[in-house]
Amino acid sequence: MSDLEKNAQGVTDELPQEAKEDPLYFNPEPKEGASAHIQSYKAAPEFQEPLGYPGELPPDWKERVLGKMEEMRGKVRSFRLFLDICVKCGACTDKCHYYMGTSDPKNMPVGRQDLLRSVYRRYFTLPGKWFPSLVGARELTEDVLEEWYTYYFQCSECRRCSVFCPYGIDTAEITMAAREILDSVGVGMKYTNEIIGKVFKVGNNLGLPKPALESTLEDLEEEIEEDTGVKVRIPLDEPADILLVTPSADFFAEPHIDGLIGYAKVFHATGAKWTLSSYASEAANFAMFIGSYENMRRIALRIRKAAIDLGVKRIIIGECGHAWRAAYQFLNTLAGPFDFLDPNYPVPQHICEYTWDAIQKGLLKFDKSQNDWIKLTYHDSCNVARASRMGDYPGGQFDIPRNIIKAVCNHYYEMPEGTTREETLCCGGGGGLLTDDLMELRKKGGSPRMKALKHVTEEYGVNKMAAICAICKTQFAKVMPDYGYAVDDIMSVHQLVSNAIILPGSMQEKELMGEDAENAVDAAE
Amino acid sequence: MLTTVYALLFYVAFVIFVGGIAYRIWEYKKTPVPLKIPTTPAPTTRVGVLWRMFKEVLFFESLWKSNKWIWIFAQLFHASLWLIIIRHLRYFLQPVPELIALAQPFGKYAGLTFVLGALGLLARRMFVARVRYISAPSDYLMLLLFLGIGISGLMMTFVTRTDVVGVKAFFLGLMTFNWQPLPNSPQLLLHLGLVALWMIIFPFSKLVHAPGVFFSPTRNAVDDPRERFYQSPVLPPIDQVPQE
Ligand code: SF4
Ligand code: SF4
Chain A
6 MSDLEKNAQG VTDELPQEAK EDPLYFNPEP KEGASAHIQS YKAAPEFQEP
56 LGYPGELPPD WKERVLGKME EMRGKVRSFR LFLDICVKCG ACTDKCHYYM
106 GTSDPKNMPV GRQDLLRSVY RRYFTLPGKW FPSLVGAREL TEDVLEEWYT
156 YYFQCSECRR CSVFCPYGID TAEITMAARE ILDSVGVGMK YTNEIIGKVF
206 KVGNNLGLPK PALESTLEDL EEEIEEDTGV KVRIPLDEPA DILLVTPSAD
256 FFAEPHIDGL IGYAKVFHAT GAKWTLSSYA SEAANFAMFI GSYENMRRIA
306 LRIRKAAIDL GVKRIIIGEC GHAWRAAYQF LNTLAGPFDF LDPNYPVPQH
356 ICEYTWDAIQ KGLLKFDKSQ NDWIKLTYHD SCNVARASRM GDYPGGQFDI
406 PRNIIKAVCN HYYEMPEGTT REETLCCGGG GGLLTDDLME LRKKGGSPRM
456 KALKHVTEEY GVNKMAAICA ICKTQFAKVM PDYGYAVDDI MSVHQLVSNA
506 IILPGSMQEK ELMGEDAENA VDAAE
Chain B
106 MLTTVYALLF YVAFVIFVGG IAYRIWEYKK TPVPLKIPTT PAPTTRVGVL
156 WRMFKEVLFF ESLWKSNKWI WIFAQLFHAS LWLIIIRHLR YFLQPVPELI
206 ALAQPFGKYA GLTFVLGALG LLARRMFVAR VRYISAPSDY LMLLLFLGIG
256 ISGLMMTFVT RTDVVGVKAF FLGLMTFNWQ PLPNSPQLLL HLGLVALWMI
306 IFPFSKLVHA PGVFFSPTRN AVDDPRERFY QSPVLPPIDQ VPQE
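In order, the protein sequence lines correspond to chains A and B. Counting from 6, one number per residue, gives the positions in the first sequence under the working numbering. Counting from 106, one number per residue, gives the positions in the second sequence under the working numbering.
These aren't lab readings, by the way, just hints derived from the structure by calculation. No residue lacks a Cβ here, since even glycine has one placed at the ideal position from N, Cα and C. The reader is advised that the hints may include incorrect statements.
As the list claims (entries may be wrong) - The following label-pair restraints were derived from C-beta to C-beta distances:
#1 Pro347/B to Asp442/A: 28 to 38 angstroms
#2 Val346/B to Lys515/A: 46 to 56 angstroms
#3 Leu131/A to Gly271/B: 29 to 39 angstroms
#4 Lys134/B to Asp224/A: 53 to 63 angstroms
#5 Asp268/B to Glu76/A: 46 to 56 angstroms
#6 Pro348/A to Pro316/B: 37 to 47 angstroms
#7 Gln199/B to Asp404/A: 54 to 64 angstroms
#8 Val149/A to Thr281/B: 44 to 54 angstroms
#9 Pro341/B to Leu62/A: 21 to 31 angstroms
#10 Lys134/B to Phe345/A: 29 to 39 angstroms
#11 Pro316/B to Asp246/A: 48 to 58 angstroms
#12 Leu204/B to Lys366/A: 55 to 65 angstroms
#13 Lys366/A to Gly153/B: 26 to 36 angstroms
#14 Glu75/A to His183/B: 25 to 35 angstroms
Kindly produce the complete structure, drawing on both the sequences and the hints.
This is how it looks when you write it as structure tokens:
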């Protein structure tokens with residue numbers, strides 16, 4: 006038994022009776038300060054300034070923070086309303102995966118909101134000004150700022166809490182606001198802000214310049230040709246009908262890259278004229294994570310410019326959760342209207358919508374048995390589930406990826422109810438937390454999902470999990486090994502498509518035809 | 106003397122209550138929604154949103170999903186409150202409309218379920234560690250206020266009867282600015298005093314969740330950002346943005 010397995014075993018031994026009956030059991034008792042020590046690295050001035058933020062805490066920080074809060078109170082309805090109307094009913098208290106994983110009450114959604122609400126009450130409400138201790142109001146101090154930084158970077162903005170709150174209070178909105186307030190006084194997060202700077206400079210989160218991108222794509226084309234015998238193109242900056250904007254992780258990370266290969270094969274099989282753009286080589290929009298409308302818009306505008314420059318008719322977004330939110334819910338508002346695109350297609354479209362449409366039209370041919378060694382489950386990514394849609398009816402975002410999976414896989418199993426669809430659990434690394442300095446938090450926050458996965462592994466022998474989010478994929482590749490899975494047991498949905506697709510004129514087609522012929526002979530005999 | 110104090114108290118309370126709520130509604134309405142943020146899956150039409158809101162406000166759909174115990178106590182509490190309010194309209198309307206007269210027997214017992222619901226919520230607040238952690242003194246006081254109103258009201262119905270005719274005359278008098286003496290009974294004075302207090306703190310407290318829920322941008326938005334262009338009220342239109 007490996008140490009990791011022993012670890013997992015050790016934990017199971019200590020669990021009370023309920024735990025054995027409920028696969029999702031966690032100890033609901035709060036432990037104050039349990040995750041107070043987990044803090045991400047702060048951004049150096051060089052990463053703050055390109056985003057329009059001060060490099061360090063200015064002497065008049067307190068006035069500035071209060072000024073910013075005043076501004077947001079007038080500008081952002083969710084900020085003002087959510088801070089006002091929470092009744093402290095407690096319905097959300099056990100719904101956050103970071104609370105489930107850390108037991109720190111400041112990770113309960115309402116506990117997290119209260120970090121800001123207590124200050125808001127003190128300075129912006131009558132009862133808070135007159136009777137602060139009665140209503141839980143407190144002074145704004147540097148310690149408070151530090152506490153904000155700690156806990157507002159322990160929220161993945163997954164919106165799970167907003168599903169369960171009777172008023173729809175979305176802690177993600179409060180977290181975004183808090184991060185924007187912190188940034189406005191020079192307290193930024195290194196990971197997110199450095200990355201946003203790279204997008205402004207180079208065009209993608211990874212800082213991959215065009216030549217590097219070009220050679221990566223050429224390598225991929227060769228790889229596909231070797232595997233299939235078909236010359237599948239992955240065009241970059243070519244005039245086309247479709248602009249594909251995908252998370253840059255798709256260009257180099259595993260299993261993301263297999264997803265990209267899948268998109269390319271689908272486009273090839275449908276005969277689409279498509280292209281990637283080096284200028285808009287990033288679907289991710291980390292400015293959303295830090296609640297900055299201005300920076301979010303700057304990133305979104307790159308997609309608009311690329312679409313105009315390349316003269317495309319449609320925009321399609323690759324597999325990424327928050328990027329799909331930024332695109333589906335916000336792209337039109339931030340960078341639209343897109344009246345220069347083909348009005349017959351929604352702007353933007355998800356790659357899964359495109360593939361499912363092609364499957365329904367019978368344009369794609371599959372050999373499902375290629376995925377027969379896989380017993381698969383599917384992880385709904387937060388932002389896809391709770392902040393977007395696919396297709397033309399509510400909930401299409403759950404069905405379309407599953408439809409695709411079922412078209413290419415024979416063995417598919419759902420994780421337990423309460424952990425999927427709108428109630429899905431975050432991978433633990435979303436919202437700008439996918440950095441090594443938060444590894445402890447990421448592992449703890451990922452544990453509820455891992456329990457649900459373990460459950461289907463024990464019940465049905467599930468050995469792979471698919472997702473359509475770049476962050477989820479990277480995060481799971483890090484977390485799953487702790488639970489006895491392999492790094493590559495997390496898969497892209499389009500990787501499964503890629504495995505099963507039979508391209509016209511490919512080796513796989515010939516093989517299959519040969520088999521068919523043999524079968525026909527067998528049958529005749 | 107007593108009559109004057111209570112009469113003035115209720116005028117003040119009424120003005121703060123109505124004015125305060127109107128002010129809050131105006132405030133929420135005028136605060137822009139920079140981006141559309143419905144929590145999905147969300148309805149794709151206006152009618153669908155009305156239906157979602159209806160289920161949320163009347164049946165606490167989200168709360169049902171999250172916690173059955175809170176749901177039960179909250180429903181007991183709120184449904185009873187509605188009945189009680191309807192029943193109390195008889196003190197302000199002359200003649201009493203038939204429908205309100207019909208509600209009388211239910212309204213009477215709603216007082217009991219109201220207190221039960223409030224006790225349940227209080228118990229959760231005190232005994233569930235997570236809820237205790239998020240509770241400020243004001244959260245307990247709010248429930249105690251409701252319990253005070255409920256219990257003093259029940260005493261007048263079930264223990265020592267109050268001169269309800271006199272109470273009605275007092276309120277009708279208030280409304281027509283022709284003051285009538287307020288019957289002097291300790292339960293009644295307590296009951297009315299607490300109700301006035303409730304009206305005064307309403308607009309300044311979490312009680313604004315009642316009008317506020319209708320403005321919640323995660324619940325009241327139509328999920329149609331692709332079908333319908335939404336111009337953000339806080340961002341300049343695209344043609345005024347410098348292109349990089
Ligand atoms: S569920 Fe909503 S109202 Fe209840 S405590 Fe949580 S945030 Fe507040
Ligand atoms: S948005 Fe997600 S991570 Fe943040 S408090 Fe809510 S449930 Fe927790």
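Hints versus structure:
Pro347/B and Asp442/A have their C-beta atoms about 35 angstroms apart, which keeps the hinted 28 to 38 angstroms range intact. Val346/B and Lys515/A have their C-beta atoms about 53 angstroms apart, which keeps the hinted 46 to 56 angstroms range intact. A C-beta distance of roughly 35 angstroms is found between Leu131/A and Gly271/B, which places it inside the suggested range of 29 to 39 angstroms. The hinted window of 53 to 63 angstroms between Lys134/B and Asp224/A holds, with their beta carbons roughly 56 angstroms apart.
Range check, Asp268/B to Glu76/A: about 55 angstroms between beta-carbon atoms, so the 46 to 56 angstroms window is met. For the pair Pro348/A and Pro316/B, the supplied restraint of 37 to 47 angstroms holds, since their beta-carbon distance comes to about 39 angstroms. Hint check: Gln199/B to Asp404/A, Cβ distance near 58 angstroms, so the stated range 54 to 64 angstroms holds. A hinted range of 44 to 54 angstroms holds for the C-beta pair Val149/A and Thr281/B, which are about 53 angstroms apart.
The hint said 21 to 31 angstroms for the Cβ distance between Pro341/B and Leu62/A, and at roughly 30 angstroms that hint holds. A beta carbon spacing of about 35 angstroms between Lys134/B and Phe345/A agrees with the range 29 to 39 angstroms that was offered as a hint. For Pro316/B and Asp246/A, the hinted distance range of 48 to 58 angstroms is satisfied, since their beta carbons lie about 49 angstroms from each other. Remark: the range hint 55 to 65 angstroms for Leu204/B to Lys366/A is upheld by a beta-carbon distance near 58 angstroms.
For the hinted restraint 26 to 36 angstroms between Lys366/A and Gly153/B, the CB-CB distance of approximately 29 angstroms keeps it satisfied. In this structure, Glu75/A and His183/B meet the distance hint of 25 to 35 angstroms, their C-beta atoms being roughly 34 angstroms apart.
Comparing the model with each numbered hint stated earlier shows that all of them hold.
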